[in-house]
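Chain A is fixed; fit chain B onto it per the hints.
There are 2 protein chains.
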Amino acid sequence: MRPAKFPRLSPSALAARRKEVASRLGKVLPPAALLTEPDELRPFECDGLSAYRQPPMAVAMPDRTDQVQAVLTICREMAVPVVARGAGTGLSGGALPLADGVLLNLSRMNQVLGIDLANRLARVQPGVRNLQISEIVAPHGLYYAPDPSSQIACSIGGNVAENAGGVHCLKYGLTVHNVAEVEIVTMEGQRLTLGGEALDSPGYDLLAFIHGSEGLLAVITEIAVRLLPVPRCAQVAVAAFGDVAAAGGAVAGIVASGVLPAGLEMMDRGCIDAVNSFLDVDYPECAALVLCELDGTQQEVASQIIAVTRILEHAGATGVRVSRNEAERLKLWSGRKAAFPAVGRMSPDYYCMDGTIPRRHLARVLKEIQALSGRFGLPVVNVFHAGDGNMHPLILYDANREGELETAERLGGAILEACVAVGGTITGEHGVGIEKIDQMCVQFGEGELRQFHDLKAAFDPDGLLNPGKAVPTLARCAEFGAMHVHGGKLPFPELERF
Amino acid sequence: MRPAKFPRLSPSALAARRKEVASRLGKVLPPAALLTEPDELRPFECDGLSAYRQPPMAVAMPDRTDQVQAVLTICREMAVPVVARGAGTGLSGGALPLADGVLLNLSRMNQVLGIDLANRLARVQPGVRNLQISEIVAPHGLYYAPDPSSQIACSIGGNVAENAGGVHCLKYGLTVHNVAEVEIVTMEGQRLTLGGEALDSPGYDLLAFIHGSEGLLAVITEIAVRLLPVPRCAQVAVAAFGDVAAAGGAVAGIVASGVLPAGLEMMDRGCIDAVNSFLDVDYPECAALVLCELDGTQQEVASQIIAVTRILEHAGATGVRVSRNEAERLKLWSGRKAAFPAVGRMSPDYYCMDGTIPRRHLARVLKEIQALSGRFGLPVVNVFHAGDGNMHPLILYDANREGELETAERLGGAILEACVAVGGTITGEHGVGIEKIDQMCVQFGEGELRQFHDLKAAFDPDGLLNPGKAVPTLARCAEFGAMHVHGGKLPFPELERF
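Chains as they are written, first to last, in the working numbering: chain A, 1 to 498; chain B, 499 to 996.
So that you can see chain A by itself, here it is in the shape it has in the complex (with noise of 0.2 Å):
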């Protein structure tokens, strides 16, 4: 829903307004770093959320710090809305532009500034990928450990904006819990360095607090990342099981007997379907294939394998296969890593759902998933995060059948429901964005969203940070209790569709 405060513009009022910020920018940045041209817009117009899209009225590319604090102060002079975007990879929509506002592409920000191996960190720009940061510091023995699915395009500055997650966060924290100092310019223009290198900070923690904060606080320009070293040994136990409770008791079983995977994953027959006919991996066809990963030492990860391998026995798996060496390893967790494109194949259109549920009901969702899927006539297939919870259903449709894209949100909405319904939360990972924000209705309280307002407010006073996005008005949520209501219709009149 769009804030009172940004009226929609007529044609002629939008050309002439993008020609009064094109005049302002171009003062402030070089030619090359500022797009108007519709052919040069087009882009930008989604990010990894891609049924929706939406040029911005022009699109600055700064690469530079100074550059960010200029862009952003005339845009507040001029009250326009900016929307930051790293890679444009985000599953949200939380990178979707607004027809009159500026789009902040901080992809051209991709320096590695320092490495500092004394203290184990890398100082790099927003828009350096994910994986480069690992690939960088490998001739060290080091590497940075949160490992998004995306993370070959991905952009560091949009993994702290939404407090990525990964594989292997169950054992290394998500993006908040490897980061040490961030540097942001606030919608004033101030520059202010949040954390720092000592494991706890005096005053408030800015540092979490602009983790996950997804674009609507600040524009983050620097980040001190922290390495640690390559682990000596990796392992990768995978296991079929005949059901999924069974699988799911392995789970619970692996976490309650202490050890901490590596990483913990599940998928179902429906996605090892999808993986076996994409990759040469030959999965075994069961109903619910579980990988457990395990690092460390030698000696950890070899009795952390005969314990792991135990419990996955004693809770029913049909087969465990273990990986012998490291290209064995790699080869295993592919058809995992590959389970998105895999999917993509099977048909026209997928919508990746991300909710989190307490681990102890993951069968029981499961079943309602499936019961969800036959009542509203769409396949799902799942992989989840079975560590900790986060799942990852995957609603098939095709865009091109009339209707078939509302169907599928209306499903994804009620397989969110039903998490929050269990205890469990509307993300894991992927963020609220434009795609769950009439969720956070469902999840939060009018208390808990009168004082995200109040912070944020206290941030960015004029609400021109990436309006509409993540936190719902509480106008909004009274109007989407009377749209639930009536069928959820889609909430997001004033944007374009594609």
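Think of the hints as simulated: they come from the structure by calculation, not from any bench.
All values derive from a computational prediction rather than experimental measurement.
Backbone N, C-alpha and C define an ideal beta-carbon position, used for all residues, glycine too.
Incorrect hints may appear among the rest.
Distance ranges between label pairs, derived from CB positions [to be verified]: (1) 804(B) / 117(A): 20 to 28 Å; (2) 117(A) / 782(B): 32 to 40 Å; (3) 525(B) / 461(A): 33 to 41 Å.
Below, chain B alone, put in the same frame as chain A:
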């Protein structure tokens, strides 16, 4: 510095106000839960920073959340400031009362509300003691990991407010990493739930934000803590070194090896001597002692002990002793754990500093502390959480000697500024309180302090929660700049001094 809106009241005005406050609070609290007589107020006039004492106007002792809501609502209507207190063990004066304020004592909210074994959570009221949690869940093979030295007495609510650490926080994290959910009551009387069972929550990370907020943002009324399985096995290696630099090198070597100790501590000769004369622990008389604890499965510990012993010897340890059983492990730790009371026997008074530095500067900062000790003419002994660089220099003095308290404080301030100068921070775990509020002016710039104040205002617009603590006003910083030049006269004229 007293905020302008809280002018000092004359004794008769104070008495009248007390009467009015008592009358209104008396309608929402049982008689035994409201204290107003001078003798009743005295036990609450200071916390662990006993050099500063100030009886409050009244003490309110709720045992239920709705009573907390009622008290805060009344105080807000009357514009009466409120200072929250747990067990009063804090070391930075965070619970030091205000003469015209209400001291809100949470220690009667001391119920364990429930233990969720499947999910490994314990839900408790804020007055429950830290160690009490572990005692209660021990029969289930579980424990609560953060172990501040005061854990026998300190409250979990206070732990959240200070984001307390402890010897084992190196491996198990700070309080914020071990808490799933917190219920708070704001000054507006609103009850909010922060966090949840999932690894991450959508919206802003208010759970992290409340941790370490030192009573400035809200009153903590319920906490769901995460429980861990008690490690199967734990061993400690105690190594003696002929000089501090070698001990520092050993610490760096252990951390660099990738081993993550459960605890990694260091004590200097002054501390060793104090402990040896206080307890029957017989530490080697050396320049520096390193204690390194490993925990986990038997195989993990066995292999880590070998690795750590090798590193200690390679770094120049003159002797390494490894505990052979649980009794010996506890005995070897008993000296370190009794360091503060042992030092307390050496000197009429001591002032415990708390600063954090990047580990690599350990030897250098210790040298500087020695030099400062000589310059100011007061002895300093050192004990620290070497693993994360959190130092506790203990300044020995005699408050009965004219000017020695002031000298101790100036020496303390100089030590903290030395920590900041090498890129460290002014508090590791004891909080800012009143004690380090001036050093906040050194560590943070105007932009950051403004941001802190704006965020505080989003929670507590009238500035009634713990005013004058933790985050200095810009006016105070300006004055501190001037005071600092003139030799650092004590900045708390409005508070009664012992």
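Each hint, compared with the structure:
no.	hint	in the structure
1	804(B) / 117(A): 20 to 28 Å	holds, 26 Å
2	117(A) / 782(B): 32 to 40 Å	holds, 33 Å
3	525(B) / 461(A): 33 to 41 Å	holds, 39 Å
The structure fails none of the hints (numbered hints given earlier).
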